[in-house]
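Participant: All chains, please: the whole structure from these sequences, using the hints.
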Amino acid sequence: MSTERRTRVRFAPSPTGPLHMGGVRTALYNYLYAKKRGGDFIIRIEDTDSQRFVPGAEAYIIEALRWCGIIPDEGVDMATGAVVEEKSDRHPHAPYRQSQRRGLYRAYAEQLVSAGWAYYAFDTAEELAAARTAAETQGQTFIYNAVTRKGLRNSLTLPASEVEELLNGRTDWTIRFKMPEGRIVAMDDMIRGHVEVNTDTLDDKVLWKRADELPTYHLANIVDDHLMEITEVIRGEEWLPSLPLHYLLYEAFGWQDTMPRFAHLPLLLKPVGNGKLSKRDGDKMGFPVFPLNWKNSEGETYHGYREDGYFPEAFVNLLAMLGWNPGTEQEIFSMKQLIEAFSIEHVSKSGAKFNPDKAKWYNKEYLRMKSDEELATLFEPVLADHGVKADHAYVVRVCGLIKERATFVADFWNIASYLFVAPETYNEKDVAKFWHPENYELAFKVADKIYSDGVEAGEEMIKENEWPMGKIMNCIRLALVGASSGLGIADIVSLIGREEFARRMARIKETLQ
RNA sequence: GCUGGGUUCGUAUAACGGUUAGUACUCAAGAUUCUCAAUCUUGCAAUGGGAGUUCGAUUCUCCCACCCAGUACCA
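Numbering (numbering that gives the first Met the number 0), first residue to last: 0 to 512.
Just so you know, these hints were derived from the structure itself, not from any lab. Among the hints, erroneous ones may be present.
Stated by the list, open to error - Below are the BS3-like pairs computed for lysine-lysine, each with C-alpha atoms no more than 27 Å apart in a straight line:
hint, residue 1, residue 2
1, Lys470, Lys448
2, Lys359, Lys348
3, Lys283, Lys352
4, Lys352, Lys335
5, Lys359, Lys294
6, Lys335, Lys35
7, Lys348, Lys335
8, Lys357, Lys283
9, Lys348, Lys269
As the list claims (entries may be wrong) - Per label pair, the in silico range of CB-to-CB distance:
hint, residue 1, residue 2, range
10, Gln99, Arg260, 26 to 36 Å
11, Asn426, Pro270, 24 to 34 Å
12, Arg260, Ala383, 47 to 57 Å
13, Lys388, Gln99, 43 to 53 Å
14, Gly453, Arg506, 17 to 27 Å
15, Glu163, Glu3, 42 to 52 Å
16, Gln137, Glu161, 24 to 34 Å
17, Glu437, Glu459, 15 to 25 Å
18, Gln137, Glu3, 52 to 62 Å
All values derive from a computational prediction rather than experimental measurement. Just so it is clear, CB atoms sit at the ideal spot from N, CA and C, and this is done for glycine as well.
Facilitator: Encoded structure:
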């Protein structure tokens with residue numbers, strides 16, 4: 000029995016574009032799992048596809064994680080935001096970018112060849128494409144396996160001398176895994192339980208390619224997880240079909256004893272209709288699918304939660320609850336509470352449809368938990384954009400009174416602009432409803448009373464005379480707000496002051512009569 | 001097509017053989033307030049279908065249907 004290993008999990012994104020919310024959730028679950036167990040959360044960049052590399056994607060991923068408060072222990076230096084390239088006590092497995100580890104993989108691939116678990120394949124891309132279309136025309140799918148490899152050009156079918164020649168020649172070749180025949184691979188997934196697959200349905204995956212001297216995902220992933228002493232692999236469900244290959248790879252290397260445990264997370268699905276959440280859904284349906292704004296090479300910008308006004312705590316909270324539940328009825332969790340409560344047993348098996356309404360609800364909840372002071376700090380730049388200069392203490396007071404009415408700080412201006420500038424227009428429907436002589440004549444009398452003795456005195460006056468409270472107050476409200484909505488008249492007057500109150504009453508009189 | 005995974009109110013989920021199938025979001029109604037929002041109350045609404053196992057199935061087994069993923073010298 001080996002002694003209990005320190006928990007080490009990794010998030011291994013590929014820098015082929017911005018990380019979307021599903022990716023962030025995968026990172027989050029890894030992070031929660033590690034922190035719950037007092038272990039390490041490692042970032043590794045899987046950039047073994049030289050064709051699909053997207054500039055800026057790596058920095059985006061790191062920035063997104065930082066915004067969410069998902070801080071890696073290893074792999075990225077968070078002070079600089081850079082992927083670590085030099086070994087140190089903190090980062091003993093550097094470099095953490097697979098393209099910078101390229102020298103190490105070939106030997107592992109060749110180890111498999113000499114052990115009989117892999118072979119050299121000399122088929123060109125064209126030959127394979129031809130084989131695929133040929134199979135397709137017969138209504139079949141070409142798979143590179145124990146049957147078909149016998150008829151293809153590789154180190155299993157060609158004489159040794161020719162193999163030697165081809166290996167040293169100018170044409171490209173690959174190392175492929177030699178998938179065993181007729182074996183049942185029995186696997187165990189932390190979320191899905193026991194899964195079995197017959198190897199006859201699997202193909203001989205490419206492990207290493209001569210063309211760019213780089214491993215493919217499968218090889219690099221297994222080798223690095225082993226080298227980095229990863230104990231649990233928590234990744235998206237799309238990897239489940241590759242699990243048998245990965246099990247076999249651990250076996251082929253003789254690393255079964257330290258093979259990590261696997262957990263395949265359910266996918267995030269689009270809110271309506273079928274299919275997984277894709278980057279186009281968001282802008283079409285009015286919600287972000289990315290944590291941060293992303294501008295692609297064509298200049299199109301995709302919305303991010305951050306720029307759309309979500310608090311990172313709310314974003315993390317809503318993501319955590321998409322596919323996981325605490326087993327209690329608690330819904331609001333800080334990161335600290337999530338770490339405490341998280342367990343892989345409570346991760347669900349089925350895909351989760353994302354619900355934008357619930358996302359907004361989370362933000363609303365976090366908004367009202369913020370202090371008036373903090374909200375004021377966030378609101379002040381918005382005010383400045385509207386050309387408003389307001390006293391800080393005043394803004395703090397306003398925030399305290401309006402925060403329960405908003406979902407985002409960005410709503411504040413629409414909700415409360417009348418507390419900073421007088422209305423310039425009056426809502427037509429509300430005018431039609433309330434602005435009648437029998438109402439506004441009384442309203443002006445009450446307004447005079449309010450001006451001299453305060454709102455309470457004005458209300459007294461209405462009650463004593465048994466005037467219609469609602470109609471009169473709404474006429475006054477129309478003058479102050481420009482519509483029949485908003486804070487109580489007493490609050491408004493106490494905020495804007497009696498002089499401004501009088502000016503607004505005078506203005507509506509001029510405008511509407 | 002093949003292989004694998006999945007299936008509880010519209011959505012996220014709870015109930016891991018015994019509940020009037022719970023909670024939250026959304027929606028609707030009512031209460032409240034000078035209005036709106038907020039708040040409170042109430043309501044609408046689910047075990048995909050069929051066989052079994054069992055005294056008893058949301059829960060276990062099988063079949064079907066549907067959904068998803070994979071099926072690249074991409075991850």
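Participant: Run every hint past the structure and note whether it holds.
Facilitator: Outcome of the hint check:
For the proposed pair Lys470 and Lys448, the alpha carbon gap of about 17 Å is at most 27 Å, so the pair holds. This hinted pair checks out: Lys359 and Lys348 have alpha carbons roughly 25 Å apart, not beyond 27 Å. Only pairs whose Cα atoms come within 27 Å are accepted, and Lys283 paired with Lys352 is accepted, the gap being roughly 16 Å. For the suggested pair Lys352 and Lys335, the alpha carbons sit about 26 Å apart, so the restraint of at most 27 Å is met.
Among the hinted pairs, Lys359 with Lys294 is consistent with the structure: their alpha-carbon atoms are about 24 Å apart, no more than 27 Å. Our distance criterion of 27 Å between C-alpha atoms is met by Lys335 and Lys35, whose separation comes to about 9 Å. For the proposed pair Lys348 and Lys335, the alpha carbon gap of about 25 Å is at most 27 Å, so the pair holds. The suggested pairing of Lys357 with Lys283 holds, with an alpha-carbon distance near 18 Å, which does not exceed 27 Å.
Of the pairs offered as hints, the one joining Lys348 and Lys269 holds, with about 17 Å between alpha carbons and a cut-off of 27 Å not exceeded. For Gln99 and Arg260, the Cβ-Cβ distance of about 28 Å falls inside the hinted range of 26 to 36 Å, so the restraint holds. Taken as a hint, the range 24 to 34 Å holds for the pair Asn426 and Pro270, whose Cβ atoms sit roughly 33 Å apart. Between Arg260 and Ala383, the C-beta spacing of about 52 Å keeps the proposed range 47 to 57 Å intact.
Checked against the given bound of 43 to 53 Å, the beta carbons of Lys388 and Gln99, roughly 51 Å apart, stay inside it. Gly453 and Arg506 have their C-beta atoms about 21 Å apart, which keeps the hinted 17 to 27 Å range intact. At roughly 47 Å, the beta-carbon separation of Glu163 and Glu3 lies within the given 42 to 52 Å, and the hint holds. A beta carbon spacing of about 30 Å between Gln137 and Glu161 agrees with the range 24 to 34 Å that was offered as a hint.
Range check, Glu437 to Glu459: about 20 Å between beta-carbon atoms, so the 15 to 25 Å window is met. With their beta carbons about 53 Å apart, Gln137 and Glu3 fall inside the hinted range of 52 to 62 Å.
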